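J.: If you read the protein sequences in the order shown, they are chains A and B.
Be aware that the first sequence starts at 1, since it is given in this note's numbering, and climbs by one per residue.
Be aware that the second sequence starts at 1, since it is given in this note's numbering, and climbs by one per residue.
Honestly, the hints are just simulated from the structure, not real lab data.
Hints are not guaranteed to be accurate.
One copy or two, either will do: identical chains are not told apart, so a pair holds if it fits within one copy or between any two.
[What the hints assert, rightly or not] Here are the simulated DSSO-like pairs of lysine-lysine, each with C-alpha atoms no more than 27 Å apart in a straight line:
(1) 564 <-> 241
(2) 348 <-> 606
(3) 412 <-> 92
(4) 348 <-> 413
Small disclaimer: the values here were computed from a predicted structure and weren't measured.
The residues making up each chain are set out below.
There are 2 protein chains.
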Amino acid sequence: MIGEKLSSDKLEGQLLPKSLALPIFASDPLSSVAYAPQELLMILLLGGLAFLSFAPWVAAAVVLLLLVVVASYRQLIKAYPSGGGDYEVASKNLGEKAGLIVGSALLVDYVMTVAVSVASGVDNIISAVPELAGLRIELAVFFVVLLAAVNLRGVAESSKAFAIPTYLFITSVFVMIVIGLVRTSLGDPPVAESAAFEVKGEQLSQAAFILLLLRAFSSGCSALTGVEAISNGVPAFRRPKIQNAQRTLVLMGGIAIVLFAGLTTLALIANVHYAENACNLVGFDDCQNQPQRSLIAQIASSVFGAGSIPFFILQAATAAVLLLAANTAFNGFPLLGSVLARDGYAPKALNTRGDRLIFSNGVLILGACAVVILVVYRASVTNLIQLYIIGVFVSFTLGQTGMVRHWLRELKKPKAQTGRIWRSLSINALGASFTAIVLIVVTITKFTHGAWLVFLIMPILFTLMLGVNRYYRDVEKEVEVDPHTTFGSRGDHAVVLIGKMQKPALKALDYAIAARHDSLEAVHISIDDEATDKLERAWREMNIRVPLCVLRSPYREIGYPLVKYIKKHQEANGGEVVTVYLPIYIVGHWWESLLHNHKAWRIRQKLLMQHGVTVALVPWLLDSSDVVYGRRSRPIPGQERRGEPVRPMPRKPLKPANDEAVASAGARANAARPKDPDVERAKTSKVKAKSHR
Amino acid sequence: MIGEKLSSDKLEGQLLPKSLALPIFASDPLSSVAYAPQELLMILLLGGLAFLSFAPWVAAAVVLLLLVVVASYRQLIKAYPSGGGDYEVASKNLGEKAGLIVGSALLVDYVMTVAVSVASGVDNIISAVPELAGLRIELAVFFVVLLAAVNLRGVAESSKAFAIPTYLFITSVFVMIVIGLVRTSLGDPPVAESAAFEVKGEQLSQAAFILLLLRAFSSGCSALTGVEAISNGVPAFRRPKIQNAQRTLVLMGGIAIVLFAGLTTLALIANVHYAENACNLVGFDDCQNQPQRSLIAQIASSVFGAGSIPFFILQAATAAVLLLAANTAFNGFPLLGSVLARDGYAPKALNTRGDRLIFSNGVLILGACAVVILVVYRASVTNLIQLYIIGVFVSFTLGQTGMVRHWLRELKKPKAQTGRIWRSLSINALGASFTAIVLIVVTITKFTHGAWLVFLIMPILFTLMLGVNRYYRDVEKEVEVDPHTTFGSRGDHAVVLIGKMQKPALKALDYAIAARHDSLEAVHISIDDEATDKLERAWREMNIRVPLCVLRSPYREIGYPLVKYIKKHQEANGGEVVTVYLPIYIVGHWWESLLHNHKAWRIRQKLLMQHGVTVALVPWLLDSSDVVYGRRSRPIPGQERRGEPVRPMPRKPLKPANDEAVASAGARANAARPKDPDVERAKTSKVKAKSHR
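Chain A on its own, in the form it takes in the complex:
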């Protein structure tokens, strides 16, 4: 067994207890109550104040939906505890295409989660500090950049610091609801600052009336976003994983319902009037310059008093939990990428654990998309929410439909516990039909308000993923071992490419000698006569007995003459396998690679295009290269959701002192026995460097 093994106990200890899992996975769904009631009421207000009387019914529908979805996901967790979530369920039960639709929906949704959460977070900051209103977009972009930077640097999601905002948010909103309701029951209901504003309602036909109710419901459904998060994180739970995940899900659902219902009730009690266009509020005079404060901020100031300390605590908690929700997308995005990669729908590199570079790209892509979206939609929650939840409900619907298929299949198995299965089946069928209806409603009500963009991007992602898969399939076929393949190359000629008389070149020569090839020669491509003369002189002076072949390159190219020379050799020697030794630099800083190796890389690529050529890279570690280490122990986005503990990688001892290490190996070199008299000349020659100046 290789690798520092963590015992099972130890592994278990690094997994998430429920008390940490709740805030980590629930920050996304819980934070959505910060904007869902506001958007729900806002749409109703389009029809005028009278429409607010429908609010309890619409909110009740959202709560019912939330109940159904939570119940459905309880089933999903039980059946698919591997963390694949809707994507896995859909692709396993409904086939590849359904899985890919879910995949593309989720990719879009991660971007939207970042955008909406950050926009809402900024909105709540502005609600507390209205002076910042002019910097809305700048703040939003700043927070996305900050989140991206934090995730590029590496951050352990399980850190307890991450739990604080969520618990603070839950507690403070809960306290606010209780105080508000108690005050109301005592005959002193809170009154929002916008309570006095009249609203210019539109005259609505009956069809428009129904459509408006449906639109309000659609916007309220944004409260459901993120419910699926726990189903993706089951592997990160402590044992018994399934039960713990299910309990956390139910707990989260309960809290979400309480907060959502409580906030909506309080908003209605306090008469919060939040309009899509602030200037539709009659009485809000400075609507052009003053920001409209968020619903949660208006409730908080009416309950706690404007500018009071609890008000600021609540706003801070709200903003923090929203940013945390955005952070979860930075964790989920690469995780989904790795799942897609594992199944061959995304570049395989995305499935390379521990490759910070890859995850950096994912973080950068997600951040860049979110920034673009935020700038284009001017960081307005109301605008952004139109693009949201399409993806969520696509994945809900397909996931639940997949679950129905799953249970139907289970039923057919021998010894199936039909009673239980029927129960699960009906729950998921209910979930599937509810979410399907909502998806239709959402599509109808939001398509022309901006959601068309999602319907444009999803097929593009879908096609790309399918294309990647087909590409891999073709390659797989191309490299498949078939009955007619016969290998059996022969020959063992080696060429060492010598540029200048420098240590890296001599090391390459040394290694080539150590490998005792049948024949060995050093090749120098001359692009500068003076340098070539100097090299030849040094070669003689140092008494190196490997022959040095000089090739002139009139066009100052290196790869082409070398390839031509090798080809000639192969033609003369019946297609021998030729090993070309290339010395290359290993550097420490990214910018150093801008200054090195490009030529070597080009030569390598040229050589690799030839048949019968192997390129042997002989590294020369520059002093700076030991800086490379020490960067590995930072966690990678999505690592914890996958159930992988964040462990410090064992640091390898690396001594930068190449010379000593090689030299000590050299001390034993004399023991090497000559093997073949034919190649004696090359084999026994020993490179000993003398001062050659």
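Add chain B to chain A, keeping to what the hints say.
T.: The following block gives chain B in isolation, referenced to the frame of chain A:
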């Protein structure tokens, strides 16, 4: 000799005749007459209409300066015909730092050449089609992107199509000047559309009066930009190179003087009133919305008639020659980069001829900088010209001072032709003092108008280049062969990394067998038990006699267990050199590399960090890889100025059918004699693939 040799005659035939060299190198200096007279007169007008009476004197000063600079560069071409220009002269004669100052000045100047030329080109397009006035910035950005795209694609500067706009521009401006002067002598002088406009002049103190004259002169000096282009292009001329280049330079100087003087005279005759702020023109009522037409457009419409065909021809030629001038910067930038790289002040990769990728980066950087500058300065010639010519005159002054040093040194040589040298010396001394004075004037008059930015950026570039040089020097020292280095590694163990039972892995194994190492084993890192079982079964079925060692990797990593295994082997065997065979894919399209090889690359990097490890890359050429060829024959920016003919690269025949090639080599494999009984086991085993399903 390797490489298809072009005979000297043939090479000569591909060099530039004077008739082509003139338009190619002169588009930059000649095009500057399209804005120089305008900017000169505009600054004078700041003082009011009366100041125009100083215009002939200021213009005469510019012409005198042009004469002196042309004469100076005739000397420079003679002394330094290698195409290094001012940079070479300054660094050879005044030392490294002076050379770097010139280098950074020129880098800045290339960006400004693109920006100013494109801005002026767009200005002239708008002057012909005023409806486009609202799209000024968009058009400018479009043209920069277009030029970058054309240069990324590769374009032969020597194409005759490039000569047409320059000749058309020269001819049509010349015809316009002649017609205008003839009409004036016949008593029918042209009258510009702005002739009737009064100008609100400022009240000036005497100091301000002189400063204004100096500012006008500074702006007029923009006519001198690009004069140095020919000195950078001497290698591209036909023999006798020096004489041809000198004659072309003189011819260009003559044409520039005629055009500049002619346009200024006509502008004064036609009373063109061009103001820095259009709304300072009394009588130009719609100054907010209507664009002020360029000086050349106003002259053209007064001479040929507004909206006449010759007017449009002239405007088109002007715009075309200006865009051509911008294109020359796209050629000069990478050329300068390669010269700096050759001397170790820029990444060495920039000196890799034929590497399209590198030049692409140069083109992209230049284009991006120009776009940023154009957007920030709103594509206004008047704003941009403030940043221009600082760099030009820095490089003029240092170049000419370097020439003075050069001649002084020449004088000291025995058998020096003192007469001739003294003549050259005095010409260059005159040039140096003139350009130094102008540099001081330009700095004083432009610093607060935006030129400070140039004085900020130049030191940054200077420091970067010096830093790169010091880095290379340190590395050079680190890899220098010193008396204490002793090499002499021993051992010859080989490891073939096997992922799946696929052709690339078998090919790597086959090559490793062919190389007949002392000992050979296949290593598989198991991250998936099922896949490992499948591999082990296939291994047995195919009767491969190389032992397969399976390493379990609990953390799904590949590099680390492999490195650990190799280290253990080295510890047990006294630090043997271990060759690790890695199969890698060679692909055809850039996007394919997103889908492959990342894992292999990571493993390779990890292995290369180890002492005593060589990585042997065994390529597997995917079918798509033969697409790579056929892209090489396109010219690279700066190729022709360097005097390198654009030649089609010999196409290498590449058969994608790997199997046959390897298989045919395999047919001869049986002849391979066993070498060492100890390693018989591995050496004689033959990989023969059978259907293993």
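J.: The structure should be examined with respect to each hint, and the outcome stated for every one.
T.: Results of checking the hints against the structure:
1. 564 <-> 241: neither (62 Å within a copy, 34 Å between copies)
2. 348 <-> 606: Cα proximity of residue 348 and residue 606: in one copy and across copies (25 Å, 19 Å).
3. 412 <-> 92: within (17 Å within a copy, 88 Å between copies)
4. 348 <-> 413: This pair counts as neither: shortest intra-copy Cα distance 35 Å, inter-copy 68 Å.
Hint compliance for this structure: hints 1, 4 are broken, all remaining hints hold.
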